[in-house]
Amino acid sequence: MDEHTPNKDDFKDRIKKLTSDDFEKAIRIFQQRLDSGYAAFLNSCVRCGLCADSCHYYLANPEMESMPAYKLNLIAMVFKKYFTPVGKKLSRWVGAKELDRQLVEEWIDSLFGRCTLCGRCSLNCTMGINIPYIIRTARGALAEAGLVPPGLQSTVDTALKTGNNMGIAKEDWLETVEWLEEELQQELDDPNARLPVDEKGSKYLYTINPREAMFFPLSISAVAKIFYAANESWTFSSDNFDVTNYGLYSGDDDAAGIMSSRLIDSVKKLECQSLILAECGHGFNSNRWEAPEWLNRKYDFEVKSIIEVIGGYIREGRIQLDPSQHQKVVTLHDPCNLVRLGGLIEEQRFILQHAVTHFVEMTPNREKNYCCGGGGGQLAMTRFAERRIASGKIKADQVIQTGADVVVTPCHNCIDQFMELNKHYKLGIEIKTVSEIVADALVIPKKPA
Amino acid sequence: MLDILRYGVILSFCATFVILCYLVFKTYHFNKKKHYSKPQGSGLKGIIYALGKGLAPWEKESAVKHLPTYLAGILYHIGIFAAIFYLFSLVITFHIESLFATAIKILIIIGTLCGIGLLFKRFLKPHIRRISCPDDFASNLLVDGFLIISLMDAFVGSLRAVLFAVAIILILYIPLGKIRHCVFFFYSRILFGLFFGRRGVLPQKQWHTRSYNG
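For the record, the sequence lines run as chains A and B. The first sequence begins at 1 in our numbering and counts up one residue at a time. The second sequence begins at 1001 in our numbering and counts up one residue at a time.
None of these hints come from the bench; they were simulated from the model. A virtual CB, placed ideally from N, CA and C, is assigned to each residue, including glycine. Just to be clear, a hint being listed does not mean it is correct.
No more than 27 Å apart at the CA atoms, straight line, and that leaves these computed lysine-lysine pairs for DSSO-like [to be verified]:
| no. | chain 1 | residue 1 | chain 2 | residue 2 |
| --- | --- | --- | --- | --- |
| 1 | B | Lys1033 | A | Lys25 |
| 2 | B | Lys1045 | A | Lys368 |
| 3 | A | Lys170 | A | Lys203 |
| 4 | A | Lys81 | A | Lys25 |
| 5 | A | Lys25 | B | Lys1034 |
| 6 | A | Lys298 | B | Lys1045 |
| 7 | A | Lys97 | B | Lys1121 |
| 8 | B | Lys1038 | A | Lys269 |
| 9 | A | Lys161 | A | Lys25 |
| 10 | B | Lys1205 | B | Lys1038 |
| 11 | A | Lys81 | A | Lys97 |
| 12 | A | Lys423 | A | Lys393 |
| 13 | A | Lys268 | B | Lys1034 |
| 14 | A | Lys368 | B | Lys1038 |
Derived list of chain A stretches under chain B, where covered just means 3 residues or more per stretch with a C-beta under 8 Å from a C-beta of chain B [said to hold, decoys possible]:
| no. | region |
| --- | --- |
| 15 | 51-61 |
| 16 | 66-75 |
| 17 | 342-349 |
| 18 | 360-374 |
Looking at chain A on its own, in the form it has when it is part of the complex (with noise of 0.2 Å):
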């Protein structure tokens, strides 16, 4: 939804008419969602401002309301006001504060509009504040009053009711996948390449980002040329193939549960062994670290991310590449997601490392890596968007100094956000996948006629 329209004065109207009941609300589910280890946060925030510039935000714009210790503070108030005997007597004094109206206002305003939750101001807290998943639990907060910015609510709604964040439906989904099974098959000269769907018994069930679908189908067909070139057993599913779960950005456990949720339900139906996830960071985040604590349940199949799966094929010799379809200077974006927050760190390099000649690191990289701007949502809240374009400049510069041609990041999310980058920043770069990148440089060896 573009909140461009009317519907951003709705948005303004609900939080005028917010009555005690929402705010009850939402302070329940805040208490509910806060555990232990966020408390043990909330009481530890010495308010030293060295996190300032870690984040993206502030380093583009200066404005104290972008700082980590700010947003912090901001919920930090509210816990104290409503959980610490101190709070509830002195407020002043330790700068307790009810939520209300005008703090609910500067909220959303900081907690959505200001933060990707991508974490890098955590691994810069002298006290090693776990930041981005306070302000998770804050937005959770937020959802249950009503109150998430409506783009990036209505993503989440039309995951839970249609079943993919793209509102796709089934039939347009088979069709696509037919047709790029036939293109597929044409490239590579062979009418037994597949894309297989709902094949009970494969051995991985692979999800994609619904973008890819309506927009970037070839980074379907890399990962199925992958696949054919491993000789794998995969499927995918007819019903539930979204790999994003845009409940991580909301805040909203329950529904992000569903979502995640669905997905096991197909890897319990096909039978598979492994759920693979597509090149998506949040998607990664969140059907491998998070879903587990959703749904309160281990899972007996394994989660892996596709960038996994296709450095087992180099380390076991089962695809072969050739770098020197790849002359062009590349560089690599860490997806937050992915890799501070998910630890699949080295594996993308490793890939790298097999697939192109020229490669070059951004300073800094990996888990220290800058956020693109991209995640946290920011890319469905279009009423941020100027915040979101100004705060990848960071990134942009990064991107200049190292001279590259090419900009290889394992997430859509990321992806969607360096195309914007390219065309404000005038950046001059292509961008891709790994898969892409590696489906590119596959030697096939040709069938014996």
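Since the structure of chain A is already known, use the hints to place chain B on it.
What follows is chain B alone, placed relative to chain A:
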């Protein structure tokens, strides 16, 4: 009178210790959650990193970029520990060798200067001032006062009653305000290490891949 104050210091310390334990206990049971996701790295290694190497200034960009502030913070805390040690040497009455006593005095002087510097920074930097509450200033002032009086007593030796009185106020204030971070710091660092350790993010490994050409 001095004896009463001496026992006051011990009692206030015990009371604060009990309250802090209660606070930690209460926080631990706030909403306990279990981890269900399969770990990729070691939580224990993460915790060891968080409480060890992870505290080194070169491990954090924020510390490197703000090295004077970061070092001032560390020296401030060393000064505080030195003053507390000095206080307990007076309360429990054990002798400190003169060389060691000199070292303690130096540490308290440096700590005091750093504490005052950090207080000024909080006053002068608009962004830091705006996110601060009265407790932030009061806590710093109280600790600085304690350091200054400790120092004066260490040099002059005639301010013992005042030192004990200030120490009682400071110790009793710990659980009420931001100084409670003296225990929550460790709590947070452990959780930080556990989170990034389980996920295989920290401790950072020795990177093998570098930029390359051809």
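Here is how each hint holds up against the structure:
1. B/Lys1033 with A/Lys25: holds, 21 Å
2. B/Lys1045 with A/Lys368: Holds, at about 19 Å.
3. A/Lys170 with A/Lys203: Holds, because 23 Å separates the two Cα atoms, which is no more than 27 Å.
4. A/Lys81 with A/Lys25: holds, 16 Å
5. A/Lys25 with B/Lys1034: Given pair A/Lys25, B/Lys1034 holds - Cα atoms ~24 Å apart, limit 27 Å.
6. A/Lys298 with B/Lys1045: Between A/Lys298 and B/Lys1045 the Cα gap is close to 23 Å, so the pair holds against 27 Å.
7. A/Lys97 with B/Lys1121: holds, 25 Å
8. B/Lys1038 with A/Lys269: holds, 22 Å
9. A/Lys161 with A/Lys25: holds, 24 Å
10. B/Lys1205 with B/Lys1038: holds, 20 Å
11. A/Lys81 with A/Lys97: holds, 5 Å
12. A/Lys423 with A/Lys393: holds, 12 Å
13. A/Lys268 with B/Lys1034: At roughly 24 Å apart (the allowed maximum being 27 Å), B/Lys1034 and A/Lys268 satisfy the hint.
14. A/Lys368 with B/Lys1038: The hint holds at about 24 Å.
15. 51-61: holds (count 4)
16. 66-75: holds (count 4)
17. 342-349: holds (count 5)
18. 360-374: Holds: 6 residues of the region 360-374 of chain A have a Cβ under 8 Å from chain B.
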